[in-house]
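There are 2 protein chains.
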Amino acid sequence: MNIQSLLELNSLFPESKYVQLATVDKNNQPSVRTVVFREFVQSTSDIIIHTDIRSEKMRHLSHCRNVQICWYFSQSREQFRISGDVEMVDSNNESLRHLRVAQWQKLSKAAKSAYFAGHPGAALPLDDVNQHSVHTQNDFSEVSNKFVLLLVRPHQVDHLDLNTNPHTRIASKLENNFWQEKRLNP
Amino acid sequence: MNIQSLLELNSLFPESKYVQLATVDKNNQPSVRTVVFREFVQSTSDIIIHTDIRSEKMRHLSHCRNVQICWYFSQSREQFRISGDVEMVDSNNESLRHLRVAQWQKLSKAAKSAYFAGHPGAALPLDDVNQHSVHTQNDFSEVSNKFVLLLVRPHQVDHLDLNTNPHTRIASKLENNFWQEKRLNP
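Which chain is which? The protein sequence lines are E and X, in order. Numbering-wise, the first sequence is residues -13 to 172 according to this note's numbering. Numbering-wise, the second sequence is residues -13 to 172 according to this note's numbering.
Rather than coming from a laboratory, the hints here were simulated on the basis of the structure. Keep in mind it's a predicted model, so treat the numbers as computed, not measured. Incorrect hints may have been included.
A pair holds if it fits inside one copy or across any two, identical chains being indistinguishable in the list.
What the hints assert, rightly or not - Cut-off 30 Å, straight-line C-alpha distance, at most; resulting in silico cross-link-like pairs (DSSO-like, lysine-lysine):
1. 98 to 12
2. 12 to 159
3. 159 to 92
4. 12 to 168
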């Protein structure tokens, strides 16, 4: 089974919607956080992730567009480490506007409201619990200009299968639009 | 509750033994993989991770000792992003030899055998399934010279609690041996 089919198969498990996204900051220090895998862009291996244009990861991506995603499937005991580069789809992107609007429409009201709330990562008084309250009457039909899609385009995948003994490890690399596989020592 | 107590409490859940460790390679590209949290070094916040001296992450650490760990607790719906620097305890380290030996003794025979097997990440024929077989008669009482402890010493923690609405985010920073907390917009 090829790498794309494996990922698609695994992504169907509900537990599989969380992945870890690693970036480097402007001082070349490593950074990693859990993000939600939304879906693949239709007919491609591009992974859709949502973010706020004011987020820390956006600052990292403006410095370096290469990322690595770690996707661990506890159900199947497989880990995929996906290296790729990121296209950022913000409110200025006309050609992918339909994709951004479609993703916005799938969000809950609570998720949408965060894009109208205070600056992510800004300092708050320790007892402040009201920073979202201004927008609870909004219906959020308009896409927030803070809402950005990250499209992660894989060019290398390291696949580790923990079900075999010894474990099985396959490195796949995209070369001229074909995935070339190489078996590695685990 | 302080950050150390929170981590200790959460680390007791069996599902909590997997964390994601992010490093940067020599080209300053991001890298992330799932590793096993072993335990804290007694009476400290130092996190013990095992690795093979021949592993990719060892090459990354020789370039940059700063790492970030992403620790997501699905039970409590909390994420900790832990920035720290790494001390590598290999066979040349005399002062922490007791710690390295004690960690070795806790490993299963299968886990120990990997440190006597082929080079991690080396290419294998796609049908090779016998690379561990040479060592199955060994009792592994001697610590492999490939076995290395990584001690991750936290100096900054970003704690996100998804149970509240809006989410609660606290940044903690170690300053003069005290954790200073700051509440952030999520």
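Status of each hint after checking the structure:
Proximity of residue 98 to residue 12 under the C-alpha cut-off of 30 Å is restricted to the intra-copy arrangement: shortest distance 29 Å within a copy versus 39 Å between copies. Proximity of residue 12 and residue 159 under a CA criterion of 30 Å is satisfied in both settings, with 27 Å inside one chain copy and 20 Å between copies. Taking CA atoms no more than 30 Å apart as the test, residue 159 paired with residue 92 passes in neither setting, with 32 Å inside one copy and 37 Å between copies. For a Cα distance limit of 30 Å, the shortest separation of residue 12 from residue 168 across copies, 22 Å, qualifies, whereas the shortest one inside one copy, 33 Å, does not.
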